[in-house]
Amino acid sequence: MKFGVVIFPGSNCDYDTYYVLKEVLNQDTIFLWHKDHDLKGVDAIILPGGFSYGDYLRTGAIAKFSPLMREVKEFALKGGLVLGICNGFQILLEMGLLPGAMLRNKNLKFLCQFVYLRVENPDTPFTKLCKKHQVLKIPIAHFDGNYYAPPEIMEKLKRNNQIVLRYSTSKGEITEEANVNGSMENIAGIINEKGNVMGLMPHPERASEKILGSEDGQYIFKSMINSWIK
Amino acid sequence: MDKRILEQHNLTEEEYRGIVDILGREPNLTELGIFSVMWSEHCSYKSSKIYLKNLPTTGKHVIQGPGENAGVIDIGDGLAVVFKIESHNHPSYIEPYQGAATGVGGILRDIFTMGARPIAVLDSLRFGPLDNPKNRVIMEGVISGIAGYGNSIGVPTVGGETYFNQCYSQNPLVNVCCIGIAPKNRIFYARAKGKGNPVLYVGAKTGRDGIHGATMASAEFDEDLEEKRPNVQVGDPFKEKLLLEACLEVMKKDLIVGIQDMGAAGLTCSTSEMADKANSGIEIDLDLVPKREEGMNSYEIMLSESQERMLLVAKADKEEEVKKIFKKWDLDAITIGRVTDTGRLIVKEKGRVVVDIPVRGIVRDCPVYRRPVKQPSYLREVNYLEIPEVPNDLNTTFLKLLSSPTIADKEWIFRQYDHMVQINTVLLPGADATVLRIKGTKKALAGTVDGNSLYTYLNPKVGAKIAVAEACRNLACVGAKPLGVTNCLNFGNPEKPEIMWQFKEVVEGMGEACRFFGIPVTGGNVSFYNETMGSAVYPTPVLGIVGLIEDISKIMSPGFKEKGDYILLLGKNNEEIGGTEYLKTIFSQERGIPPEINLEFEKQIQDFCFELIDKRLINSAHDVSEGGLAVCLAECCFMSEKKLGIEVSLEDDIRPVALLFGETQSRIIISASPSDIDKIEKLASKRGIPCQVIGRVREDKFIIKQKGEELINLSIEKIYSSWKQAIPNYFKLSEE
Chain X
102 MKFGVVIFPG SNCDYDTYYV LKEVLNQDTI FLWHKDHDLK GVDAIILPGG FSYGDYLRTG
162 AIAKFSPLMR EVKEFALKGG LVLGICNGFQ ILLEMGLLPG AMLRNKNLKF LCQFVYLRVE
222 NPDTPFTKLC KKHQVLKIPI AHFDGNYYAP PEIMEKLKRN NQIVLRYSTS KGEITEEANV
282 NGSMENIAGI INEKGNVMGL MPHPERASEK ILGSEDGQYI FKSMINSWIK
Chain G
-2 MDKRILEQHN LTEEEYRGIV DILGREPNLT ELGIFSVMWS EHCSYKSSKI YLKNLPTTGK
58 HVIQGPGENA GVIDIGDGLA VVFKIESHNH PSYIEPYQGA ATGVGGILRD IFTMGARPIA
118 VLDSLRFGPL DNPKNRVIME GVISGIAGYG NSIGVPTVGG ETYFNQCYSQ NPLVNVCCIG
178 IAPKNRIFYA RAKGKGNPVL YVGAKTGRDG IHGATMASAE FDEDLEEKRP NVQVGDPFKE
238 KLLLEACLEV MKKDLIVGIQ DMGAAGLTCS TSEMADKANS GIEIDLDLVP KREEGMNSYE
298 IMLSESQERM LLVAKADKEE EVKKIFKKWD LDAITIGRVT DTGRLIVKEK GRVVVDIPVR
358 GIVRDCPVYR RPVKQPSYLR EVNYLEIPEV PNDLNTTFLK LLSSPTIADK EWIFRQYDHM
418 VQINTVLLPG ADATVLRIKG TKKALAGTVD GNSLYTYLNP KVGAKIAVAE ACRNLACVGA
478 KPLGVTNCLN FGNPEKPEIM WQFKEVVEGM GEACRFFGIP VTGGNVSFYN ETMGSAVYPT
538 PVLGIVGLIE DISKIMSPGF KEKGDYILLL GKNNEEIGGT EYLKTIFSQE RGIPPEINLE
598 FEKQIQDFCF ELIDKRLINS AHDVSEGGLA VCLAECCFMS EKKLGIEVSL EDDIRPVALL
658 FGETQSRIII SASPSDIDKI EKLASKRGIP CQVIGRVRED KFIIKQKGEE LINLSIEKIY
718 SSWKQAIPNY FKLSEE
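Line order of the protein sequences matches chains X and G.
Residues in the first sequence are numbered consecutively from 102, following the working numbering.
Residues in the second sequence are numbered consecutively from -2, following the working numbering.
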């Protein structure tokens, strides 16, 4: 499977994501430059974490105008697998490929820590190797990860089973305390209606090696690989 | 020259006469400005030089010692570690967010200027007590500033230390240490070599910010503080990220001969130092310098400290290729001049020569001072300690100590920092030292910053030795061998003989300990004039030490691992109570004499700890420092994943408070499986190391006994929440 990791100016998890895909999971992986108009035949696209364009405006608001985003959008609309991690998730929201928006964390501080996530929907190409309500330990690192959507969209997300990951306790309970950034419904990750574009605030690439404290992030990438093979 | 103008430039009349001698004429205002920044304490080290030259700086793995942007040490596998610590104290007091942010930006540039990718930042912070709202504002601003810059650029802030003391109320200290990794055969230096080679200006445009920042950092503060706010630069981490990527891309190809960042004294410092180091000259045209605003004159352009700028000298035929790479990253790269062989810095503006100075004159001919020294009179008074009455309830005392901000949990701070980006952080913040794996090898780097200024206040020389010893001990506890030291020396006004005496003593102590441990000092920074309204900080040396772990599978961590494991103490408990956090927190006494340090014994303890880790005989290791044995044991519990407890029985014949809270040096708490105890004890007796089983790891309870009598008996939950909640509580109050 051929992965493409997009580099925006200000991306800073591009190399980490590349490293995990290429060196840990042995996948054919290339970088895609935001100024190009060529997806170079990749099978899946990852928009990595970071501070694209410095995020001085709304997070992800400028990145959506990068030249390559035209091709990324086409790729997504045709059903190609697109995963947005952290800033990548924020960019997908700005592009309109996923619904909703991000507010500042409820404590108004940047938060970097391990969190627990409960898998709500294991029937996606990004979670198919997980069991329903399985708990994953993966870190977050963001300032604007407080997910918000208006009631009618929230209804739709629930109805279509588009909520994929929710912040939980280590035992999988969905509590206010576990909801570190204040997201509506404890939302940590959602998928589009068609089921090929996913965004999540936690960083699976930071939890894909035992030495870093968790390998649970591999579930996300391996699910993608598995669903592509089939 | 008008006396007032000299005063504004912080130059003495004698220094002015020196300038006239060098030039053979009177300087114009721009030239005077150039001399004033380059001869400022911050840039010239004129008061500290005579002492610093006695520090050990060589070693068989040292590739670059002091004198460059950062030190460089060979770590094998074709790689080198590049590291340096710097202060940004003065700006952080005036404008906490930007002051701290640009401190991070500056030290990062020092590292990638050498060709290394920065892989970690550690910071050493000192604030005044948190019950004063002003100190909370400063602390919040500084931490947000560090986070704002480091998180954005994608370099993890992996650790550090934070101390609180009244002396930092109006003089917060912000010392930032950066570690980078470079291919050993591709280190870059600040050299303007090769007559005719183009001099390129890259990065952000030049504005009016930060003019005379270096001069500001070379004077005390008075009540006109607010007026100095424009002297603080404003950081743009996004621009620096682009600059970092573009520079590293240029460095991968054979395109440039030298590079220097524009930090303190901006264009002035980078041009003159690069020419001086290559024995060449440099000629630039200010009309070509990218500017943020109209109407800037030569004085402002030469002295601006606008951030995120670099000066590089390209190979003559590679100019276009260099520019192409910067263009890819949407950055300005403009040829503003050429390298010459005249030995002079020539600056032109609108066709006229506005500066013509011999580079040696600015860089090397700065006067060096042997300032008067005098042992301060406060010492006799504070070294005397009348031992206060022992508190009745040691449980309460212990809880109070755990919630003292210097000892309390710092998660409130470090979770605001992205400490995981670059996916190398193997030991998360809170451990004795931070550990970063080196991708593609079996190795890992360990780093720590350390310095207890209460000790150095009470005895500068002993305190400095302890700072070195403790930093090395931190490394030993994670299983690393020290490679090299960088230091940040924060002091008051060096023109006061008492301050200069403290400085002399600290450097001597540090030098003695570094020589003893065989670790080279590869660079550092001196920050004088940390005084506001005549009140100075305690002498505060901060040691940044980087160590190497050969086999990453052997990394050790401080937390207990299993119920039933034995707890052992390496070292001896002495009756020492002076200079402790206990006296400071419980009795508001910062007095007595600091603990003794025997370097020989210290080394034996460290080597033994390292040997135990290397032989995989132990499950945890943690050094005993502020708060003594009781706090150390509690931290081992807090850092265990399962929040384990202990039951410890001590037989020492010393007073209970000294036993629990004394800060005797050269002690490490380890834990081991019952099956390994025999081997450990045999090894200890073979090596002649004091090593005794003092208790076992258990659940729920935290119990310490002396000769059968219970001194402390509390639930883990109780002590954990005291430690955990202390710092967040201060900020909850401020939110109400």
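Treat the hints as calculated values from the structure; they're not laboratory data.
Quantities reported herein were computed from a predicted structural model and do not represent experimental measurements.
The reader is advised that the hints may include incorrect statements.
Derived CB-CB ranges, DEER-like [said to hold, decoys possible]: (1) X:Arg171 x G:Asp284: 48 to 58 angstroms; (2) X:Ile275 x G:Lys639: 22 to 32 angstroms; (3) X:Lys272 x G:Gly705: 55 to 65 angstroms; (4) G:Tyr375 x X:Ile275: 50 to 60 angstroms; (5) X:Lys259 x G:Ser712: 40 to 50 angstroms; (6) X:Glu278 x G:Tyr375: 47 to 57 angstroms; (7) G:Gly705 x X:Ile275: 26 to 36 angstroms; (8) X:Glu278 x G:Ile651: 19 to 29 angstroms.
All C-beta atoms, glycine included, are put in the ideal place defined by N, C-alpha and C.
Against the structure, the hints come out as follows:
1. X:Arg171 x G:Asp284: 48 to 58 angstroms: violated, 40 angstroms
2. X:Ile275 x G:Lys639: 22 to 32 angstroms: Holds: the Cβ-Cβ distance is about 24 angstroms, inside 22 to 32 angstroms.
3. X:Lys272 x G:Gly705: 55 to 65 angstroms: With Cβ atoms ~41 angstroms apart, the hint is violated.
4. G:Tyr375 x X:Ile275: 50 to 60 angstroms: holds, 58 angstroms
5. X:Lys259 x G:Ser712: 40 to 50 angstroms: At roughly 42 angstroms between Cβ atoms, Ser712 of chain G and Lys259 of chain X fall inside 40 to 50 angstroms, so the hint holds.
6. X:Glu278 x G:Tyr375: 47 to 57 angstroms: At 49 angstroms between Cβs, range holds.
7. G:Gly705 x X:Ile275: 26 to 36 angstroms: Violated: the Cβ-Cβ distance is about 49 angstroms, outside 26 to 36 angstroms.
8. X:Glu278 x G:Ile651: 19 to 29 angstroms: The hinted range 19 to 29 angstroms is violated for Glu278 of chain X and Ile651 of chain G, with Cβ atoms some 44 angstroms apart.
Violation of the numbered hints given earlier is confined to hints 1, 3, 7 and 8; the remaining hints are satisfied by the structure.
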